[in-house]
Amino acid sequence: MTHVLDPNALADTSGGTGTLPDPFADVTRSNDAFRAFLHGLPGVDQVGAEARAKVLGTRSIKTTAKAWALDTAISMVDLTTLEGSDTPGKVRALAAKARRPDPTDPSCPAVAAVCVYGDLAGVAKEALAGTGINVAAVATAFPSGRASREVKLADVRDAVANGADEIDMVIDRGAFLTGRYLDVFEEIVAVKEACGSAHLKVILETGELVTLDAVRRASWLAMLAGGDFIKTSTGKVSPAATLPVCLVMLEAVRDFRAATGRQVGVKPAGGIRTTKDAVKHLVLINETVGADWLSPDWFRFGASSLLNDLLLQRQKLRTGHYSGPDHVSVD
Amino acid sequence: MTSLFEYAPAPESRSIVDIRPSYGLFVDGEFVDGTGTPLKTVNPATEEVLSEVATGSEEDVDRAVRAARRAFVKTWGPMRPADRGKYLFRIARLLQERAREFAVLETLDNGKPIRESRDVDVPLAAAHFFYHAGWADKLEHAGLGPAPCPLGVAGQVIPWNFPLLMLAWKVAPALATGNTVVLKPAETTPLTALLFAEICQQADLPPGVVNIVTGAGETGRAVISHPDVDKVAFTGSTEVGRSIARAVAGTEKRLTLELGGKAANIVFDDAPIDQAVEGIVRGIFFNQGHVCCAGSRLLVQESVHDEVVASLQRRIGTLRVGDPMDKNTDLGAINSAEQLARIRELTAFGETEGATCWQPDGDLPDRGFWFKPTVFTDVSPAHRIARDEVFGPVLSVMTFRTPDEAVAKANNTTYGLSAGIWSEKGSRILKVTDQLRAGVVWANTFNEFDPTSPFGGYKQSGYGREGGRQGLAAYLRSDS
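Taken in sequence, the protein lines are chains C and H.
Reading the first sequence from the start, the letters are residues 123 to 453 in the working numbering.
Reading the second sequence from the start, the letters are residues 3 to 482 in the working numbering.
In isolation and in its complexed conformation, chain C is listed as follows (with noise of 0.2 Å):
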């Protein structure tokens, strides 16, 4: 078996000269190959998993370092909203909110990007102009991704068009569990080209995937494909991000960074609706990958609820009493 985390176990053999010989070139040369590299990844043991996260969330964080937390985490948020009622008005008072999170205290940072459907791209676009605030548009027939290769594509050119500045595809949930590696990591690729200079983020959908060892083996797929993000979920699928499955994609991309040099980042969504929730995630990251991952362009939380909740505590962080519901902004 190739040892995945050996940078070299290939690129010896390769004989390749000139540019950096990237150890996994020939992996994906058939879709047998692809599945004998992606079932040789160490397997991942459920319980094991667990038990570290669930240490890792006894943590305890507070004053000075808990400041600093809710401030990083307010900061990797991506302001969501996915409903089939959506309209430009509402796009627009979430952009605003992403600006001025609490517009009683201009020392909150703003938020990382607003993440809408497609079509509402260019009315956040508008609305977070100048503020480096990014969009993230939700594309590839979000959040089934049953569609034809084409429609999928035609769906994220459309998103860049309309000025996404990220976007984020759902892979084919069907043909990876049945086996067909190659094909979801091809429609990644074109997918990644249709993209243009948007970044790309890979759903992964861990809640239809089930094991953690599905998980690893997705996330290497969709960090081989060159996906700039790999993400749990469209916040669709019940369970959706939890701190095992976000424990696992960490590891991954540690060990892929490890063998490659490419940092890809990571987005847990649906689901994290608390600053305990977020805190423990920021936990999960200091602890399995370090500080290198500790900002927005490497780390999102994709959420609504959450930033309320990280506003309330920081308010109460600033002021030392809770304030209630009615002094952050109902979305």
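This list has only true hints and no planted wrong ones.
Pair ranges (Cβ atoms, derived): (1) D139(H) x D448(C): 53 to 61 Å; (2) A158(C) x T435(H): 27 to 35 Å; (3) S429(H) x G446(C): 56 to 64 Å; (4) D452(H) x R302(C): 38 to 46 Å; (5) E49(H) x A158(C): 52 to 60 Å; (6) Q361(H) x D453(C): 49 to 57 Å; (7) P125(H) x P361(C): 23 to 31 Å; (8) T320(H) x T253(C): 32 to 40 Å; (9) S319(C) x F451(H): 52 to 60 Å.
Heads up, simulated BS3-like pairs for lysine-lysine below, C-alpha to C-alpha not over 25 Å straight-line: (10) K398(C) x K438(C); (11) K438(C) x K188(C); (12) K329(H) x K398(C); (13) K184(C) x K329(H); (14) K329(H) x K176(C); (15) K358(C) x K212(C); (16) K329(H) x K188(C).
Hints are computed from structural coordinates only; laboratory data are not their basis.
Just so it is clear, CB atoms sit at the ideal spot from N, CA and C, and this is done for glycine as well.
Got chain C; can you put chain H on it based on the hints?
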């Protein structure tokens, strides 16, 4: 590891526990003065004296044994088993109610991280009482004969590594089976046992059923060699265990010993590596490695050695060593200056014998007894660090090529308490487990304890089992 996200100190408050300036012995339901020279017990993380504790002399032990005998004959022995169960349930609930108090006191007296005393020691101690409470009126169904009988007075001597938990392992089965006890806690960690004595009072346990006699080795000797003790149970070093076996030889006393270990943690190349690394860390750094079943010998398949060691070192770099009362501390203080000296002596041997020593960066506190998490690579099975129990946060890494070699090396020890196997292949786990001569074998986990599971050793790790149905046998006679 990172300066970006520094965890602010998160100390547990010690105000919840009220440590008295001095403690007597707990005999016949009340605290009495000891006649020996009192001992001072210190907080190993700060070297601060916590309290002065009485030393039980031979006469004190005799008084305790006589109280235990009286209770056995008059109250506890004749009591309806279901009622004995009620007392145990009550003790278990009180332990839960006062869990924070016990956790804080255990951490102050022992040096272990509050996270472990809070999440492991105290809940498990309560679980042992709950579990055995359930057995109290069902002993005839334990497979030990139609009407098993208690032995009488149990003399129990426990170690300092899990003071309250070892007390629970000893006291709960003894009481559930109808025996009464005289327990001697370790000299460096007597405080939670004395707080447990308060729980016995609070639970209205009849006087004499539980007697706690503090002191050092002399007191322990008096307990085990008292002629009216019917049963001796000891957990501690193999050296002391041997002398106890000699002292008990030729008497009618029944004996169980839970002694040292040098457990092999075997990592096959098809292991879930990230979880295996977690398990290695848990195996050797849990409780500063002061664990008789610690996974102190890591056997890694050669083909994944470099990957596992690199991953392990990175992970050890994230361990938080320091103030045991901080809720984020992973590795606390070494229990005593004496133990620290022993760890230093054995690790020094490791280096002179040619093994490679690795420790993470970082400073240790100025006061108190501390030792960094340590990994020795290039260890040969002939090295002392591969054979002697260090009883500290020191891991020896060795390699193997085939499953047979792994089994041979794992069994190549005078001990046989525990072992671990890491593999994603179930059939391999079952086969290797069958071949390991160790009382407990963990598969894809390590240092996992449960009152329903019997615990005990092969060879010089001792004899007898504690916990589970099997553990009851040590306290029952089936021949009457």
